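Novice: Residue strings, one per chain:
Number of protein chains: 2
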Amino acid sequence: MIPRDHPRYSSLVTREHLAECARTGIVSWEGLISHGRGEAFDYLLGETTSASARRAARTAAAMLSTARHPVISVNGNTAALAAREIAGLQRASGALVEVNLFHRTPERVAQIETLLRNAGADVFSGEAERLLPLSHDRAWCRREGMYSADVVLVPLEDGDRCGVLVSMGKKVIAVDLNPLSRTAKTATLTIVDEVTRALPLIADACGALSDGECSTLVATLDNCVFLKEAQEEMAARLYHALD
Amino acid sequence: MIPRDHPRYSSLVTREHLAECARTGIVSWEGLISHGRGEAFDYLLGETTSASARRAARTAAAMLSTARHPVISVNGNTAALAAREIAGLQRASGALVEVNLFHRTPERVAQIETLLRNAGADVFSGEAERLLPLSHDRAWCRREGMYSADVVLVPLEDGDRCGVLVSMGKKVIAVDLNPLSRTAKTATLTIVDEVTRALPLIADACGALSDGECSTLVATLDNCVFLKEAQEEMAARLYHALD
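Chains as they are written, first to last, in our numbering: chain A, -10 to 232; chain B, -10 to 232.
Pulled out of the complex, with its shape left as it was, chain A reads as follows:
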């Protein structure tokens, strides 16, 4: 048991939950390491959503709202951390929810789909095919799902797949705490924020934006600005930590 008065209580509870999800197979070993990387960058963000990330979340909502065929791609870490938030964003945006795994087995896919359904998501399932030009299991997706999407939201994605989706002409929205990652730099839009904070912000904005606001946000999108602002935020916290 983690003592309630531990200065890092909520972070430790999340870690224990992820370790439990690793025991049941929902989260991969590599997923645990990747969560740690996220923790470090979130620490540098002060574990709060910056004004810049709020604007990025509104822009994401505009992209999803104006998409022809939006898809939310879910992996093990996202399902373990934010199944309810995924379901909420699906209701708000009308996007398809599809499970795509780096370490793919049919059992893991089924396990994660069940977790998402139990949290209230309507999961797009069915036959997957090797449709993406990528080595190993990341190539798998569904023809009527991610393959046909014009806008894909990929929380906690790996850099290669993000790059492939962009090169296929899709608009990719990443949620990534590391503003220096290949995913963050490659995506059309990167929300530098923790996934359980970012997804509800996107969902809220989906209902609140007018058509005009959506057009403006999409037309003026410059991902470099968002990344730069996140880096400045983190650098400032590092500089002032000992003051």
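Keep in mind that the hints were calculated from the coordinates and are not lab data. It should be emphasised that the depicted structure is a prediction, and the values quoted were computed from it without experimental measurement. Treat each hint with caution, since some may be false.
If you anchor each label on the Cβ, the simulated ranges turn out as follows [said to hold, decoys possible]:
# : chain 1 : residue 1 : chain 2 : residue 2 : range
1 : A       : P(-8)     : B       : G115      : 28 to 36 Å
2 : A       : D126      : B       : A108      : 31 to 39 Å
3 : A       : P(-8)     : B       : I(-9)     : 33 to 41 Å
4 : B       : R106      : A       : H92       : 27 to 35 Å
5 : A       : V155      : B       : E202      : 27 to 35 Å
6 : A       : T13       : B       : E96       : 21 to 29 Å
Here a beta-carbon is modelled for each residue, glycine too, at the ideal position from N, C-alpha and C.
Got chain A; can you put chain B on it based on the hints?
Specialist: Chain B in isolation, oriented as in the chain A frame:
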């Protein structure tokens, strides 16, 4: 298999090795998450040893060389990542090597002791007792080992135990990639560097320092300076990453 031309090849190989060590029980689930945090901060260091960390490593060598009863405390991650480097530092410094685990079972202790011995370390073992004023398993250590030490090197330590060792009057040397962590701030000396880079630097300096140099390094030690320099290093890399 990880492709050799992957831009993050060596980092991926280390991750796979740690995942393998988690499968065999040497590394805990939480140890994987903690490795991820380290990775993120090392990324911000440019994955190289700074001039400041080099000075910190020399200071650590001075502390170990002038200690009455120096002990190197080893946990699962340290053993998995740096068993050979621990053995090398033991030869250079004459310190005791003792296994101390956050998630302690007799089997895990034995497994890690075997790994260290196979790497050439002379492990101080024997009966452990609950000697540190800490809740749960971190309280365990050996009376003639860490409990009697005047200088303790704790690579990759948790903040609570570091604080307790300091409050018992011991000089604590931490190796921690996060200059903002409680461990980093609490230790007598923090080397902000990756453990397999830092340990050989300490070992090299152990043989190279004169008595006079040791005294000067110990007398002028100011950990705040080392932490500040590490933070500035990381902040500068964040600021300039998009230039």
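Novice: Compare the structure with each hint and give your call.
Specialist: Hint by hint, here is what the structure shows:
A beta carbon spacing of about 30 Å between P(-8)/A and G115/B agrees with the range 28 to 36 Å that was offered as a hint. Checked against the given bound of 31 to 39 Å, the beta carbons of D126/A and A108/B, roughly 34 Å apart, stay inside it. In this structure the hint that P(-8)/A and I(-9)/B lie 33 to 41 Å apart at CB holds, the actual value being about 39 Å. Range check, R106/B to H92/A: about 33 Å between beta-carbon atoms, so the 27 to 35 Å window is met.
Distance hint check: the CB atoms of V155/A and E202/B are about 55 Å apart, inconsistent with the given range 27 to 35 Å. A hinted range of 21 to 29 Å holds for the C-beta pair T13/A and E96/B, which are about 22 Å apart.
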